[in-house]
Amino acid sequence: GAVVSQHPSWVICKSGTSVKIECRSLDFQATTMFWYRQFPKQSLMLMATSNEGSKATYEQGVEKDKFLINHASLTLSTLTVTSAHPEDSSFYICSAHFTGLTGDEQYFGPGTRLTVT
Amino acid sequence: DAKTTQPPSMDCAEGRAANLPCNHSTISGNEYVYWYRQIHSQGPQYIIHGLKNNETNEMASLIITEDRKSSTLILPHATLRDTAVYYCIVRYQAGTALIFGKGTTLSVSS
Chain A
2 GAVVSQHPSW
12 VICKSGTSVK
22 IECRSLDFQA
32 TTMFWYRQFP
42 KQSLMLMATS
52 NEGSKATYEQ
62 GVEKDKFLIN
72 HASLTLSTLT
82 VTSAHPEDSS
92 FYICSAHFTG
102 LTGDEQYFGP
112 GTRLTVT
Chain B
177 DAKTTQPPSM
187 DCAEGRAANL
197 PCNHSTISGN
207 EYVYWYRQIH
217 SQGPQYIIHG
227 LKNNETNEMA
237 SLIITEDRKS
247 STLILPHATL
257 RDTAVYYCIV
267 RYQAGTALIF
277 GKGTTLSVSS
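So the sequences go chain by chain: A and B.
Residues are numbered in the numbering used here as their position in the first sequence, beginning at 1, plus a constant of 1.
Residues are numbered in the numbering used here as their position in the second sequence, beginning at 1, plus a constant of 176.
Treat the hints as calculated values from the structure; they're not laboratory data.
Mixed in with the good hints there might be a few duds.
Unchecked claim - Chain A is faced by these chain B residues, among others (derived, beta-carbon under 10 Å):
(1) C188
(2) G191
(3) Y212
(4) Q214
(5) S217
(6) Q218
(7) G271
(8) L274
Glycine included, C-beta positions come from ideal geometry on N, C-alpha and C.
Please build the complete structure, drawing on both the sequences and the hints.
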């Protein structure tokens with residue numbers, strides 16, 4: 002299947018600092034990428050939809066000024082957590098939309114574990 | 177998107193078939209059924225998807241009832257590495273996000 006990478010795989014930062022997470026589609030072009038957040042023992046929660054060359058669409062309750070999303074190319078989307086707080090500690094996962102031989106598919110990155118101290 | 181209902185947990189013996197059910201009674205005619213799984217601390221992994229007909233690939237088989245109100249994911253010979261949370265998702269529009277429910281935690285034991 003198609004490959005999606007994330008960098009870094011884990012990061013620890015201090016409260017008040019900003020952290021950037023990269024999501025790359027390695028072997029296909031993705032016009033649409035998605036960002037999810039997952040807290041321990043919970044399911045994935047969609048944060049935003051990122052379309053190449055346009056502004057991201059955020060889900061209700063997700064602060065767009067806190068979670069900055071940029072999708073400048075067909076293979077890269079970034080999520081920047083600004084002024085991070087301990088409650089932002091979570092597992093952040095991106096995915097990329099791909100239309101393959103079997104139709105519409107969505108492939109996920111391995112996730113980035115963010116710990117804010 | 178239609179909602180799905182899955183049992184919270186299931187157990188399966190290694191080497192046996194694992195049959196994971198999913199109810200999607202409000203599914204509409206052009207919504208697909210997708211299955212993903214998530215192994216602990218990893219990103220979800222695509223397994224299979226289908227619309228009306230049964231589907232099979234190297235990982236699993238998907239059986240969709242004729243009225244499309246339910247489906248079953250079959251792992252023919254479960255291994256310990258199949259221990260994961262399995263998500264059944266229905267989706268209408270191509271390119272829209274997958275919305276995850278709580279899924280089924282499958283525990284495969286030797």
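These are the hints, each one checked on the structure:
Interface restraint check: C188 (chain B) against chain A, minimum CB-CB distance 21 Å, threshold 10 Å, status violated. Interface restraint check: G191 (chain B) against chain A, minimum CB-CB distance 26 Å, threshold 10 Å, status violated. Below 10 Å, beta-carbon pairs count as interface contacts, and Y212 (chain B) has one with chain A at about 8 Å; its hint therefore holds. Look at Q214 (chain B): its Cβ gets to within about 8 Å of chain A, closer than 10 Å, so that hint holds up.
For the restraint placing S217 (chain B) at the interface with chain A, the shortest Cβ-Cβ distance is roughly 7 Å, inside the 10 Å limit, so the hint holds. Checking Q218 (chain B) against chain A: minimum C-beta separation of about 6 Å stays under 10 Å; hint holds. Look at G271 (chain B): its Cβ gets to within about 5 Å of chain A, closer than 10 Å, so that hint holds up. Of the supplied interface hints, the one on L274 (chain B) holds, with its beta-carbon coming within about 6 Å of a beta-carbon of chain A, less than 10 Å.
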